[in-house]
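Work the whole structure out from these sequences, hints included.
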Amino acid sequence: MGGVPVQFAFYFNLDGDPGCNPGSSGAHSQGLDALANVSGHELSEALTDPRGDGWYDSSGAENADKCAWTFHGNESFGGSSWLIQGNWSNNAYNSRSGYDGAGCINGN
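Position 80, counted from 1, in the sequence shown is what our numbering calls 218; the numbers after and before it change by one each time, with no gaps.
Worth double-checking, as some hints may not be accurate.
[What the hints assert, rightly or not] In silico SDA-like pairs for lysine to any residue, Cα to Cα no more than 20 Å straight-line:
{"hint": "1", "residue 1": "K204", "residue 2": "G239"}
{"hint": "2", "residue 1": "K204", "residue 2": "G217"}
{"hint": "3", "residue 1": "K204", "residue 2": "A165"}
{"hint": "4", "residue 1": "K204", "residue 2": "L170"}
{"hint": "5", "residue 1": "K204", "residue 2": "N228"}
{"hint": "6", "residue 1": "K204", "residue 2": "T186"}
{"hint": "7", "residue 1": "K204", "residue 2": "S167"}
{"hint": "8", "residue 1": "K204", "residue 2": "G169"}
{"hint": "9", "residue 1": "K204", "residue 2": "A184"}
{"hint": "10", "residue 1": "K204", "residue 2": "D191"}
{"hint": "11", "residue 1": "K204", "residue 2": "A240"}
{"hint": "12", "residue 1": "K204", "residue 2": "G216"}
{"hint": "13", "residue 1": "K204", "residue 2": "Y194"}
[Said to hold, decoys possible] Simulated restraints, written as ranges between beta carbons of each label pair:
{"hint": "14", "residue 1": "D191", "residue 2": "S219", "range": "16 to 24 Å"}
{"hint": "15", "residue 1": "D155", "residue 2": "S233", "range": "30 to 38 Å"}
{"hint": "16", "residue 1": "F146", "residue 2": "H166", "range": "21 to 29 Å"}
Hint data in this document are derived by calculation from the structure and do not stem from the laboratory. The beta-carbon is built from N, C-alpha and C at its ideal position, and this holds for glycine as well.
In structure tokens:
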């Protein structure tokens with residue numbers, strides 16, 4: 139539309155997909171837990187690499203890829219608890235202040 143890029147994402151039904159399941163807390167369905175985890179990962183990358191020409195490390199990993207499947211415990215949103223993987227921070231890496239002892243940080 140008028141040369142304006144539009145970002146979008148498509149998620150298939152994540153119920154029963156072990157590749158997206160962060161490990162259910164029991165508070166939500168497995169599919170909803172997986173959707174929250176995958177959404178946090180992909181939304182972060184959409185901000186730092188919206189068209190595939192943004193931030194990558196030397197091995198080609200985007201910021202959320204560097205912390206894929208590492209968690210710092212549950213995150214709270216609107217009175218509900220979710221297991222969401224972290225995102226990379228160069229500042230946290232340089233100071234070794236990430237929850238992984240390197241550069242992974244949570245959303246808080």
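Check: Which hints, by number, does the structure contradict?
Finding: 2, 3, 4, 7, 8, 12 and 14
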